[in-house]
Every structure is written in structure tokens, then in C-alpha cells.
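K.L.:
The chain contents come next:
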Amino acid sequence: MSAISINVNGRAHQVDADGETPLLWVLRDDIGLTGTKFGCGVAQCGACTVHVDGDPARSCVTPVAAIGSRKVTTIEGLESRTAKAVQKAWVELDVAQCGYCQSGQIMSATALLEQNPHPSDTDIDHALAGNICRCATYVRIRAAIHAAASQLSA
Amino acid sequence: MHPLMQDFMRQTTGEREDRARASLVAEQATAAAPRPASAGVTRRQVLKAGAAGGLIVAIGGWMPRSAWAAAGQGPEGGAAKAAFEPNQFVSVGTDNIVTIVNKHHEMGQGNTTGLATLAADELDADWSLVRTEYAGADLKLYANLAFGMQGTGGSSAISNSYLQYRTAGATARAMLVAAAADAWNVPASEIQTSKSVLSHSSGKRATYGEMAAAAAKQTPPAKPTLKTPEQFTLMGHEHATPRVDSPSKCNGTATYTGDVKLPGMLTAMIAFPPSFGAKMVSFDASAATKVKGVTDVVAVPEGVAVVARSTWAAQQGRRALKVTWDESAGASLDSEALLATYRDLAGQPGTPFAKPAAPGAGTPVLSTAKTVDAVYEFPFLAHAPMEPQSCVAWLHDGMLETWAGHQFPTFDHQAAAKAADLPPEKVKLHALVSGGSFGRRANAYSDFTVAAVNVAVAIKGRAPVRLQFTREDDMSAGLYRPMAVHSVQVGLDDSGKVTSWKHGIATQSIMAGTAMAKMIKDGVDPTSVEGVFPSSYDLPMMDGQLHSPVLPVRPLWWRSVGNTHTAYVMETMMDKLALAAAQDPLAFRLGLLKKDSRAAGVLKLVADKSGWGKAMPAGSAQGIAVHECFGTTVAQVADVTLKDGTVHVDRVFCAVNCGVAVNPDVIKAQMEGCIGFALGALYYSEIDVKAGRATQRNFDQYKSLRIYEMPVVEVFIVQSTLAPTGVGEPGVPPLGPAVANAIVRAGGPAIVRLPFTRAGLVKV
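Quick mapping for you: the protein sequence lines, in order, are chains A and B. Per this note's numbering, the very first residue in the first sequence carries number 1; after that it's consecutive. Per this note's numbering, the very first residue in the second sequence carries number 1; after that it's consecutive.
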């Protein structure tokens, strides 16, 4: 047990947690960022998706000690032009139903568009394959990603 | 495994290997700084202070919101300064904000937006100035008028509230208008209202907020005039009412149960019975208590609770806990053996649920020329909402407070009071949105609420405690859509007319043994047979026999309840019968739907929109199905392609008649969601019980539909001015049979056992 330094949403945090603790619980219980959700605990549903140095990661199976100096971004810390376009499209198309998976969906979608500004349907299928939505909002998730891409290239 | 899933697994496997699996221990030594539970607490305290000492007067069962706040009841959150509170649903603040209280549970189906639309339309409120709150538990003020208790389910939120919420809005409007008429000294009939503004041809103008205090002094009209459908400005208008909960669900600020923070709150996990009916014999807490952060290991009726200062510590503590169980009660429970028993039962006489009508005088006796029979098998299904069950319970100052996705507040309230041994007036429920339910949170056992209260009692109320289920806890807990077997034999005469219909069903009763058992009539639980009887089809010759075995696995409704299996049976039988009668499936159905114009109407609409009968590429075909449940009729056509023995659903056309379309875009979203939810279950879902245990415990084995499997969906809403019916469930039942029928028409097998993985039609 020792203090672990972690950079989340541009802020340095010292958390007194065991290094094996999943990043998810450090974010939620220690730092108080509850926008990232617990869904399965085994990297199957994607509700816990965050960005680690811009890449999507399942925080429920990522030991906090594995983060090191890399920068963690959660739904609360999304600030890029791409992220804002994604969130705007999500609201405009009323993608969310229960909403519980949507933080993870938005994190995956944002990472996709940061790396691929004009994704095809197949690109979307690949990038979002790890995010389950039991409400099955997939039709709108796809439409919102395309809408955000259009807005960003306009 | 689908190739995309393989990609995904490769991505995540690295992470999984990184994850140290050593047995020890995490501690949350530094708790996050306490913060207020929610804006609602602040608001309640403010209102409490404001109403202190005030006289509480209830008129016609309606009470100002500030009065319930004083009584410790009522809704939370939302704007302050409610100068005008004509009833328990609507208030107007001096800031011109209209607040509308949702008596229902929001689990994704959009009822918060829908109920606000009903009231705001009659009130002529500016939608951008409308805010919403959730009601606490109050049977008198917030009962579901279809249930007689407070609760959400059966796709009833909009239908039961349609006149109630409109009347609430119209009352508020009438009092605002009366106040303006007094202030301006003009007849009320000359005052216009639009977008939260009152105006008169003389040029007088006031916002609702400006007139709120004066409106509060007006006498409510005995019976306010409601709009006619052509006067609606919000209802039925495609983009007039964006969802009120979208922004908070897209930026991480929506508060679910797991997000509640209370000072000093602990987290509990329970070692639940590993198999159905198992009893705890003893436990050894020595290793668990050594886990840093674990504060208590206590027996509770549900099992053994490990309480800790963080979620991870609770989970680690539970892993270290040793429990000895007596698993003898459920040891022989086995899905395959149950199916064999059910197949046997379904073919035998049971409790009649449909009796063939005696032929009337002069009715020609039909002679059976052909017989079509089939036996269908349906597995246990878990609901698997994205948010695993959880509940916060806090015993303090002689009272109990709970926070959860309370879908049945009346049951949860009573059960929580009983578990805490407190009078109901000392128990306050805080209703939060939930991360889906699909029926799971609406149960007469109030399982997650009672378990959390039991933990709070076991630690003697020392701190607020959040009980957190893991995914495995939730999925293996039972409360499943019960297994079902149908055995059907139908006779046809030479012309293709149905001459006889024998229909045996074996499935557990959902209602039996619960507070809802009074719904069982003559031994028949209507949720076991709905969709077969009654049915939209005119089948007076039906002979229905029901068997309702009792098992240690608790059954529960699952999005669309009995219709989850009855529609599959009826609608695939219709295609089998049409084939035997050498008729088109659409025409054959229409022949039996002469008494149901709603069903015939959506069938014709979906046939038209889908180009039913058009030529399809080799290996592709369309399948059609129609089903009514909860008063809403839905027909779907699925475009399906078979390739290399596996099925792909390319597109689904969906026609729905739900009366007045209050929020057309929400209705479309529900149809899309129902289709995806149903397709995932059709492909993959089953809980296979072996030796009393659920085999599938997480999403790796209980697969859910993923984005690459989602078909294109086109929704067509029948225009109607009839009272609305629900849309949260009725999109589910037709999907399975529409796809199954398409597979047969594409040259594939007739599937009589679900899910499709059993026939190898989808890759696992």
C-alpha cells in the first residue's frame, strides 16, 4: 500500500490505493468521478471506458498501477473539439435511453473520431464493438458518429 | 465468435493479463471528501424550512409540493422558488421555470419526457423552460392509475397518466389565465397563452413566472377544459420535445444509485447462495476481515455481507470469505431435465385457459384435412440491465432512507419498512433513474432494496451503506423470464380454414406466491398465456391447457412478459399454417384478423412500406409478424440473409399503432431499442441451469447484441387520436417470429428452440 500518483482530466491526484485496484474504482470511489460506470468488471461491456493517453481503455480491468505517467481522461474531462461534437450529436439525436452505457459509448466514439475523422460503418463497428448497450441504441449511436464527423469536417 | 468480437477480445486480453489476480487487498484509506447527496437534499431542506409551521391543506387529494416537503415526502431536485403549486405534478416558479414531477420510474423508455409533454402541452409551456423531478414514494399522490399502486411497468406510464397529467397542466393554465384576467380586468376568454407567456389583444403581456404568485391565489377549476388533438402544440410534433434527460446522460452527471455519495458511506457486497435454494450453513470471516478496508462481515438473510470502505475492498473481502452452503435443495435442478418435464406436461391436459366455443346453430361442421403441429422450447432469460442492482440504505434518527431505481415504490417502501422494523411513515424512498430494468427492478420481492436494508440493520445503522451487486450476482440471482414449452396442434380444412387449435403451455407462474397472486383467475396466471389467449386472431375453437410448475428459481416479467414466448409461437405457427394452406402469410393472417382492425392496419402498413412480396436476392427473404400487447399493436417485416448457414438481419420495418403519438421520436427510439433487445435474446440469450447453478454469469457467456449486429430500422407510426397506449415493450414480441419466418422463407430451418445458437444459426 502506497500513494499512487495519477493524472486524471489534467489534474494530478495522489490516491492511497493498492496498485492492483482497478482504475474504475479509483476514479469512482477515491477521486469521486462517477460518470465512468461499472457494468461487468471483465472488460466485456465497455461501460467503464476511459481514455489513457487518448486511447480507449476498459478501466474495470486496468490496474491503477499500470497507468504510470499516462494521462487519463474520463467523460467529465472531455474538452476537445471532437468530443464536444460527439456529445452535441448525442444530445441532438437523443441517443440515450437508460443512459448508463453512454459515457463509455461516447469515450469510444470520441477516440475513433480523433484518430479517424471520416469513419465508415465498418470502422464504427470495429471501434464500438466493445460497448454493449442493452437498450440497443445502436442505430442512433451510428447516426450520431456520422453526424459528429460531418459537423467536424464542415 | 464474430470476427469483430475477436478483434475486440484481442484488444482487451492484454489488459486482462496485465491485471494482477493476486488475492490481496485494496484499501481506500482516504475517502473522497463528502459532498451533498444531491441537489435534492438541499432543496428539500430549503422547502422544509420554508414550510415550517405552515398549515398543510390537501384539496381533493392534491397538496402543494412544499407541504409534502414538510411532511418529508415528495419529489427532489429541480428549481427552487415554486410560487405556484396547483397540484402534485406541476409548479411554476417566479423564475418562469415550469417543474413537472414524474410519478414513474425512468429506466430509459422516456416517460420523464412523455409525462412532461402531457402537462406542458395543456399548460402551453415553453419546452425550453420545463424541468422535471422524480416523485418519492406516495401511494395517494402518485399511484399508477392502472395498478392502484405506485409502480412502473406494463408499458403503462403514458397511458395511465394521459388525462391526469393533461388535467394537471390545464388546471395550472386556467389559474394563470384567471389571474391575468383579474390583473388586467379583461375576460379570461380573451387571454392567449403560448410558450409560457400570457397575452391580451390590448397589448398586456406577462410571463407565467410573473403571474405565478397571483395564480396561486386563484381557485382551481372543477374541471378544466382539455385541448382537442388538433390543438396540441407539443404532443405528436416530431422535434418539439427533445428528451429532458439527454444532456445529463451524455456528460456523466446523471445520478444513478451507484453515484450517490453520503458522508461516511460504506459499500457492501453479499456472498449470495451459489445455487438456487442453497442455505448458508456457516462462514469463516477470518481472512475477509483481514482485508484492508473491510469493516464488517455479517450474516444477512440473503447470505453473508462483507462491508467495506470501498467497492474494491468489499469485493476483495468477499473473495477471501469462506462460506459453507447446503446446496441440496437445488442440486437436481437442470434446464435440460426441466425441458423434458415441460415437454411432457405441455402435451397433457392441465388447467384450461381457453375453451372451444360450442358451435352455434347452423354453423357448418368443418372437417380437418391437415394437421400442423409443433413443440417450442424457451430458456430462462436474465434481464441484464447495464446497471447491476444496487441500493443505498441509511438508518438514522429513528428513520430509514433508501436510494435506488425503485421501480415499484409501493412494494419497496413496504418491504423496506418491514425489513427495518419501522412504521412506513419513518421510511423515505429516493427515486433515482436506473440503468435499465426490462422488468428486473419491478419485483414483488423488492430483493435489492430489502437486502440493502438488511445490511444496514446488521451494522446497526452505523453508517449509510450501498449494497452493490456484481454482474455475476445480478445474473445468477434468478428472477428470470421463466422457461416455457408450448405444444400446439392445429387442424385445417381443405380451404385452409382453422378447424381446431389445441395449445398446451408449461411455464412457471410469475404472479403465484407474490402480492400479485390475486391476478390469477381459475388457476391461470394471465401472464403465462397472454398473446395466445387472448390473441388478436379470431380463434374461438382454441382449446388451451396450462401447467404452472413451481421451482426454486424465482420467475419474473421480462420486457413484454408472456408475449416474449407466446408471440413467437403464434406468429411462427401462422406462417406454418399459411404454408399448409398454400396462402401468403400476410393474406392468411388478414383472414383471421377481421375483428381486429388495428392489427390488420399495422400489417397492411408494414407490408406496404417493406415492399412485401417483392423479389429478394438468393439467400435472402422477408418474414412478417404482428402482435398486440399492452394495447399497442406492432407489425414488423425482417429482411434476412442466410450466408454459410448463419443468419444476418439486414433491415427491420416496423409499424406501430399506439394511439396518440405523444413523443414520436421516443416511440421510434423504443421500437429501435425493442428490436435490438429482442434480436440479441433471439440470437444468444439463455440461462442454462446445471446442478442448480446458473451457467451464464456475465456478458462473456450471456451475450448481448452488439453494434455490428444491429439492423437498419424503419419505424412507421399510425396517426391516431385515440388515447395513447405504451411503447416500452410492444416492439419486442414480433421481432423473433418475423426473423424466424424469414429464415424459413430463405430456405433455412424452422427454429422451435431458442436461442438461435442452439441451431448454430449464429456464431458464438
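Among the clues, some could well be false.
Stated by the list, open to error - In silico negatives: residues of chain A with every beta carbon more than 12 Å from chain B:
id, residue
1, Gly41
2, Ala43
3, Gly54
4, Arg81
5, Gln105
6, Ser108
7, Asn116
8, Pro117
9, Thr137
10, Gln151
Stated by the list, open to error - Here chain A is said to cover these stretches of chain B; the calculated rule only asks that three of the stretch's residues, wherever they fall, bring their Cβ under 8 Å from a Cβ of chain A:
id, region
11, 103 to 113
12, 270 to 283
13, 383 to 396
14, 545 to 556
15, 676 to 686
16, 747 to 757
I should point out that these hints are in silico values taken from the structure, not numbers from a laboratory. On a predicted model such as this, the values are computed, not experimentally measured, just so you know. Yeah, the Cβ is synthetic: ideal placement off N, Cα and C, and Gly gets one too.
K.L.:
So, for every hint listed, does it hold in this structure?
P.N.:
Verification of the hints:
Non-interface status of glycine 41(A) relative to chain B is broken: a Cβ of that chain comes within 12 Å, the nearest being about 6 Å off. Taking the minimum C-beta to C-beta distance to chain B, about 4 Å, the non-interface status of alanine 43(A) is violated against the 12 Å cut. For glycine 54(A), the non-interface assignment is confirmed: its Cβ lies about 15 Å from the closest Cβ of chain B, beyond the 12 Å cut-off. The beta carbon of arginine 81(A) sits about 16 Å from the closest Cβ of chain B, which is more than 12 Å, so the claim that it is off the interface holds.
The claim that glutamine 105(A) lies off the interface is violated: its Cβ sits roughly 9 Å from the closest Cβ of chain B, which falls inside the 12 Å cut-off. Non-interface call for serine 108(A) relative to chain B: violated, since the shortest CB-CB distance, roughly 10 Å, does not exceed 12 Å. For asparagine 116(A), the shortest C-beta to C-beta distance to chain B comes to about 15 Å, beyond the 12 Å cut-off, and the non-interface label holds. Every CB of chain B lies more than 12 Å from the CB of proline 117(A), the least distance being 19 Å, so the non-interface label holds.
Against the 12 Å criterion, threonine 137(A) falls within the reach of chain B, whose nearest CB is about 6 Å from its own CB. Non-interface status of glutamine 151(A) relative to chain B is upheld: no Cβ of that chain comes within 12 Å, the nearest being about 15 Å off. Counting residues of the region 103 to 113 of chain B whose CB lies closer than 8 Å to any CB of chain A gives 4, so the stated coverage by that chain holds, three being the minimum. A stretch counts as covered by a chain when three or more of its residues have a beta carbon under 8 Å from one of that chain; for the region 270 to 283 of chain B and chain A the count is 0, and the coverage is violated.
By the rule of at least three residues with a Cβ nearer than 8 Å to a Cβ of chain A, the coverage given for the region 383 to 396 of chain B holds, with 5 such residues. Under the rule that three or more residues need a Cβ within less than 8 Å of chain A, the assignment of the region 545 to 556 of chain B is violated, with 0 such residues. For the region 676 to 686 of chain B, the assignment as covered by chain A holds, since 4 residues bring a beta-carbon within under 8 Å of that chain's beta-carbons and 3 suffice. With 0 residues having a beta carbon nearer than 8 Å to a beta carbon of chain A, the region 747 to 757 of chain B misses the requirement of three or more and the stated coverage is violated.
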